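Protein chains: 2
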Amino acid sequence: MRDVVIVGAAETRFGKSELAYRDLAAQAGRHAMDDAGIDSDEIEAFFLGTFSPGTFIHQEHAAPLIAHELGLAHVPSTRTENACASGSTAFLSAIYAIAAGAHDVVLVVGAEKMTATPVAETTSILAEAADWENESKVGLTFPGAYALIARAYMHKYGKTRDILDAVAIKNHRNAMGNPYAQFHKLIGPEDIARSAMVADPLTLYDCSPISDGAAAVVVVAADVAERFKRPGVRVLGFGQASDSLALYKHDELTTLPAARRAGERAYRMAGLAPEDVDLAEVHDCFTIAEIVATEDLGFFGPGEGGDAVKAGVTGRDGRIPVNPSGGLKAKGHPVGATGVSQLVEAAFQLRGEAGERQVDGAEIALTHNVGGSGATCVVTILGRPA
Amino acid sequence: MRDVVIVGAAETRFGKSELAYRDLAAQAGRHAMDDAGIDSDEIEAFFLGTFSPGTFIHQEHAAPLIAHELGLAHVPSTRTENACASGSTAFLSAIYAIAAGAHDVVLVVGAEKMTATPVAETTSILAEAADWENESKVGLTFPGAYALIARAYMHKYGKTRDILDAVAIKNHRNAMGNPYAQFHKLIGPEDIARSAMVADPLTLYDCSPISDGAAAVVVVAADVAERFKRPGVRVLGFGQASDSLALYKHDELTTLPAARRAGERAYRMAGLAPEDVDLAEVHDCFTIAEIVATEDLGFFGPGEGGDAVKAGVTGRDGRIPVNPSGGLKAKGHPVGATGVSQLVEAAFQLRGEAGERQVDGAEIALTHNVGGSGATCVVTILGRPA
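If you read the sequences in order, they're chains W and S. Counted the way this note's numbering counts, the first sequence spans residues 1 to 386. Counted the way this note's numbering counts, the second sequence spans residues 1001 to 1386.
Among the clues, some could well be false.
[Stated by the list, open to error] Derived coverage of chain W by chain S (criterion: at least 3 residues anywhere in the stretch with Cβ under 8 Å from a Cβ of chain S; other residues may be distant):
(1) 68-80
(2) 133-142
(3) 252-262
(4) 372-385
Derived from the structure by calculation, the hints contain no laboratory data. Values in this document were obtained by computation on a predicted structure and should not be read as measured data. Even glycine gets a Cβ: it sits at the ideal position worked out from N, Cα and C.
Full structure from sequences and hints, please.
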């Protein structure tokens, strides 16, 4: 397959924004083009990852809308939607279009505007990413689904909720060094103990927040990368897999088979193994999800991911730093933006431009993006510019 | 680019269906696999074109849902959304994935379930495909937008509404021969004269209906096509272009620049010209849209498309048959299904299996699929199996 690199990366600050959806998305896109040192007339195609702008802000058909805001004139503009993995599937679409030889220079934006919607509606909208007829309609929300996963994990492996605390505390600490993060607030076990219960055992600090935000990357064929001012972050491998939307059809709750498959495909394509990865941005929509992710990706054995966080193995200076950006938990989780934001963080890290949160000597970064409770999983492996 | 062919095609009957969204989509997918003579375990990737299942039926993230219903196990499953062109962008995504060398055998389904929603809400949901903030919110619905286009056309070229009548009458007549069509009802000018005004000058018979339905194609690399029982319908060319969502930003109303661009790209890729096309399935969401489409595609000069319909040039036995399936007007318009359904009809025609509505000697078929009032346009050109 034709090699692809990332030559531009940018994101907005996540959180509650005064900007409208289209302005957020355009801001990220424009800054990514600036980062690449190109004008909009050099972009040949546009892919937008966004989850549910129809229900959040009455705006479907958002790809040509954002393309027009960005001055992309008449380039092919396509939205992909795979719930919280929408940003990653937009990125894979760009890779395919380039590898097919249809385009050389493609812009990918991920965006979501969530805070303009009443919070009570937001939980319901998010539940449309699960099997509505069989689960959401009867009350299984995402906090509920991941609470079941947390309970199953703790029961199966004999763990207590201090492993969840460790994830939240680490990711809030990491976000302190991320100017784009929604939260800049250190927390400790006592804050978590005092916080509101959302879905037992998950408290407020176990849940990623409701966020506005956008992220963008400029993706180009490696064979044309020399003409851009930025060194190209290499796409070494990727994998996508799917699974049942309904949690009740999963054989077990303590692993996401689609994440395992997506990871295996990405490792195989890259010719790499888990121990080669220098840092990972994983989909910690809830604290338990990060623990499960690190096991699905092969960083730790089953039941060992929680203890690894407690032992500091996934800290920024640990053996395998996980979510140096702060993760969904503390950086924020504007649904459609998240997958692209993970790529942006990976690009910053691999270019050595992650500032306070830089992982020393980062050569290989992995991103792990999940839609639903494991129905869509995308894993990518990126390499430092050659 | 690696050549791609269609080896399986199927659709459900369009109209009000008792089937749920997932069952409609799965039925089309299953029948397309049957048509290709393959089992679900031979499918390597899945793309779903669907517009707004979140607002229509509370179900986003529909790609893995349908994949699971179809027994596609864990293959990468991605939804694309480009309003009424969602089906076509799913098809182009499949082409890119194959041309990139990532997959050889891909299933594409387009689907929409619209009749489970109260009609008053449906118009509002459809308006989310336009620029909500600047036009839809203040009352410009799609019938309203196309009424403006019709008025502008009639004024500019000095035409009367008999050209619109001619489109509706032809497409209802064509649909009589299509077992999948929503309407099997001949109409005449007197029916149209008696029908309700929707948005002056567009009456009920100028508007495509609200429909449930699904369509599917099995798309494979030409270099593996020999192993399938069906001869491969060749994808000779395609083009996609975009434009402003807001109609007020268009320089003129009587042409869709994105359709012209998409058509030019498709013709250039195929090495063909408008006069080489034996039949076209075009996006007649409203009668005026078919007339504009035939001009944008170069079949007729500006202002000549309406008279051509009246003269029978676009009839099934005319020089360039347009919408032999009955088109969106009479076959129905389940939004996400439409683009794929156009490909299905083209495949039936090019295989010589279109029954009563067969266009004699069809060698080259063109499809023209529009999202919004021209914000996304996709044109494909298909050739008879070699």
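Hints not upheld, ascending by number: No hint contradicted; all consistent.
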